[in-house]
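A.B. asks: If you want the building blocks of each chain, they are given just below.
2 protein chains.
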Amino acid sequence: MTFRAHTIAGVLAQTIPGGAALHEPEIGGAEKARVDECLRSGWVSTAGPFVERFEDALAQYTGANHAIACVNGTAALHACLLLAGTRPGDEVIIPSLTFVATANAVAYCGATPHFADSDEDTLGLDPAKLANHLEDIGHITKGNCFNRRSGNRIAAVVCMHAFGHAADLDRLAETCRHYKLPLIEDAAESLGSFYKGRHTGLDGVLSALSFNGNKIVTSGGGGAILTGGAELAEKARHLTTTAKKPHPWMFEHDQVGFNYRLPNINAALGLAQMERLEDFLTRKRRLAMRYKDAFAGVEGVRFFEEPEDRRSNYWLNVLLLERECAQHRDAALKAANEQGFMARPAWTPMHMLDMHKDCARMNLDTAEDIFARLINIPSSPALVS
Amino acid sequence: MTFRAHTIAGVLAQTIPGGAALHEPEIGGAEKARVDECLRSGWVSTAGPFVERFEDALAQYTGANHAIACVNGTAALHACLLLAGTRPGDEVIIPSLTFVATANAVAYCGATPHFADSDEDTLGLDPAKLANHLEDIGHITKGNCFNRRSGNRIAAVVCMHAFGHAADLDRLAETCRHYKLPLIEDAAESLGSFYKGRHTGLDGVLSALSFNGNKIVTSGGGGAILTGGAELAEKARHLTTTAKKPHPWMFEHDQVGFNYRLPNINAALGLAQMERLEDFLTRKRRLAMRYKDAFAGVEGVRFFEEPEDRRSNYWLNVLLLERECAQHRDAALKAANEQGFMARPAWTPMHMLDMHKDCARMNLDTAEDIFARLINIPSSPALVS
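From first to last, the protein sequence lines are chains B and U. Those letters in the first sequence? Residues -14 to 370, by the working numbering. Those letters in the second sequence? Residues -14 to 370, by the working numbering.
No wet-lab data here; the hints were simulated from the structure. Keep in mind that the hints are not guaranteed to be accurate.
If several chains are the same, the list does not tell them apart, and a pair holds so long as it fits within one copy or across any two.
To be verified - For lysine to any residue, the following SDA-like pairs were computed, each having C-alpha atoms within a straight-line distance of at most 25 Å:
| id | residue 1 | residue 2 |
| --- | --- | --- |
| 1 | Lys220 | Ala92 |
| 2 | Lys277 | Pro73 |
| 3 | Lys229 | Phe288 |
| 4 | Lys127 | His313 |
| 5 | Lys220 | Lys319 |
| 6 | Lys342 | Gln(-1) |
| 7 | Lys342 | Pro73 |
| 8 | Lys319 | Ala357 |
| 9 | Lys181 | Glu105 |
As the structure is a prediction and not an experimental result, all values here were calculated from the model.
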C-alpha cells in the first residue's frame, strides 16, 4: 500500500472504528467512591489523608523511597530543579524535543535551557551526542560543570521519557556522573514504564511525574516528585508548602517557597486511578499491539515499539513516517482529525520557538527530523476492552 | 475583668463551646452532587464546563468583567504581577503585614518586595504613609516610577485585604495613579467583602482571589484572577495555559507560560461552594457579632470591626490586644490552643523574615505593632447556625 494523506486515517478507521480523542481518562465508580469519601471527611485541601495515601501508592508502585504529591507536573519539575541546586544564570541541559513544561521549569529558576538532541531509537536524549557535546563544551571547575562557550554553570541534565518510552538511563547517568551533573528525570509521561526492570524516575537524583487529565493516571491536575534521598524528600515537602517553619501557630518561612502541594480531593481521585493502573497498562499495551499489527503492512509508516530492555506504558502511541513521506505529515494529520481521530505531531522542538531560539544548543538534526515525521494517534485505554 | 493569659480562652469557651479549628470548609450534599456530575462527565482536568461556570459565578457575584480560574491564589497573584508588567530587577510595593504568598509572587517574577506599612483602622496598606513614602523616594521618568534610592523601577503596588477587611482603595488608587503605578489587589481573603458598595478586587488593574481550604469558599485548592479589561483577561488565559498558540494539533508557544489553570473537578467543588456563599456570609457575620458582644466587656482586648463604608466577610475574626497586654499574646495563644480553640497571631511581617530583611522598606512601626497585638480566633461558618 502506497502512503497517501488518507492512509493513516484509513487504518485508524479499521482499528478503532468511530473516532477517538488522543487520551481520555476513565472515571468510574471507584473514583466516585474515593472522592465522595474525601468530600464527606471535609478535608478537601492541601492537607489530608488521601495525599499521604496517594504518595504511598506512588512510592510503592514505582519503588521510589519518597513521593511528594504536587499541584501538577510542571510544579514538580520546577521543584526538582531548585532542589538540585539550579540558580539564576545557570544553564540546564534538556532535550529540545519535549513538552514546553520542561523548558518552562528551567526558565522559572531564572536559568536558561541548553538544548540537546534526541535519539530515534528511544525518542529521548541521545547519550552519545550528549557525551560528545559535553566533551566539546563542558569544563569542570571546583566540582561544577561549566559551559566553556557561554561561561555559565550547567546545573543539571533533564532527560524526558517521551510518550512513555524510557530514555537510555544507564548511559545518560554515566555521562552525568563524569561531568558532575545531577540527572533529573522528567517522567511526566512514563508512569508504568520501566528501564531494565526499574521503574523510570529512579535513576535521577529527583524525578517528576504528572497526573494531568491526558496522562495514564489522572488526579484532575497533579504531579509528584520522586526521590531516593530522605533529606531531599524533606526539603521537597518544605519547599512546596511555602517553606513554613513548623510551629503550632506562628507563620514563619525560611526561604522563598511555593504553594505546590496537591489538594486532598485531587489525591483521592489519583489514588482511585492508581488502583486501576495495571488494568490501564494492560489495555494500553493491547491497543499498541493492535496498532503494530494494523500498521505492519503499511508502506511509508512505522509503528514505534518500546526499545530493547524497556517496558513502555505506550502513553501516546507513535507513528514515524519514512523520510520520503514526511511531506505528507500535515495532510495525514488533517485527514485523521477530520475523520474524528485526534492525531497530532510531536511538540515543536523548543529551539524552534521564538523565546528559546538564542539558547545554547548542540546539533539538533534528529530532534528536527523526528518532529517532521512523528504522529501521535489515539491511545486511551478505553479503546480496547 | 483584667486581662490575663486565660481571658481569651475563657470567652471563647462561653461563646463557641467545645473547641474549634480556625476556619473549616463546609462540604455537603450540594458539593457532592456537583463533583459527582463532574466525575460522570469524565472531564476532570484543566478543560471542562465547570471551569467556565465557576468563572461566570465569580464574575457575576463580584461584578468583575472577567474571572480566570487558577490552580491557587499564589498562582493567580503571580500572573497578575506578570500581566501588570513586573520584570526581573523591579521592586513591587506590598504590605509587610501579609501572608507570605504576596512576597513570594513578587520573587517569582525576579523582582523584590518593597515593604509598606499598614493602617490600624483597616489592617491594610496605610495610604497616607504610602503617599509620603513615594513622595520621598518615588521618581517618575518616561511614565515609570523609580525608587530614587535603589535606582530600581517600581512595577506595581499590591494591597491586601487582610482577614477580609477592605483596604482604603480610593486613596490607594489615587496615589497609584499619581505615581503611574498599577494597583493590584491581593483579594485572597476578601471574597464577599465590599468597599463603598463595590466588591473588593474591582479597583485594581488585576486582582487575585484564593479558594484554599481555609477560605470562605474552597475548591480544594484554587484561585482566580479578576480584571475589567478584555485584553488583559485574554492575556491571562493565554499566560496561564502554557502560552500555547491556538491550533487544532500543533504545539507552539509564544512565551514562557504557566500551567496555572484550575482543574474542572476543583471548579465543580468551587461552583457548589459559590452557590452557598451568601449563607456562609450570613453565618460568619452572626458569629462576628457574637464575638463583638462577648468581648465588649473584656478589658485589654478589642474585637476588630469592619471599617466604615466597608462590609467585611469577617474571614478570620481579629482581636487586638491593648498595648499593655501585648506581652501576654503568646500566653493567650497557648491557653486558647491548649483548650482546643485554634488561635494564631498575624503572619510574621515579611521584613522580619531572614530572606527579606534587606529589601527596600518604609518605616514599618504599625505592621510590627499590629503583629505584636493581633490574635485570630475560630471563624468557621459552622460555628453558628
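A.B. asks: Tell me the numbers of any earlier hints that the structure contravenes, in ascending order.
C.D. replies: Violated hints: 2, 3, 4, 5, 6; rest satisfied.
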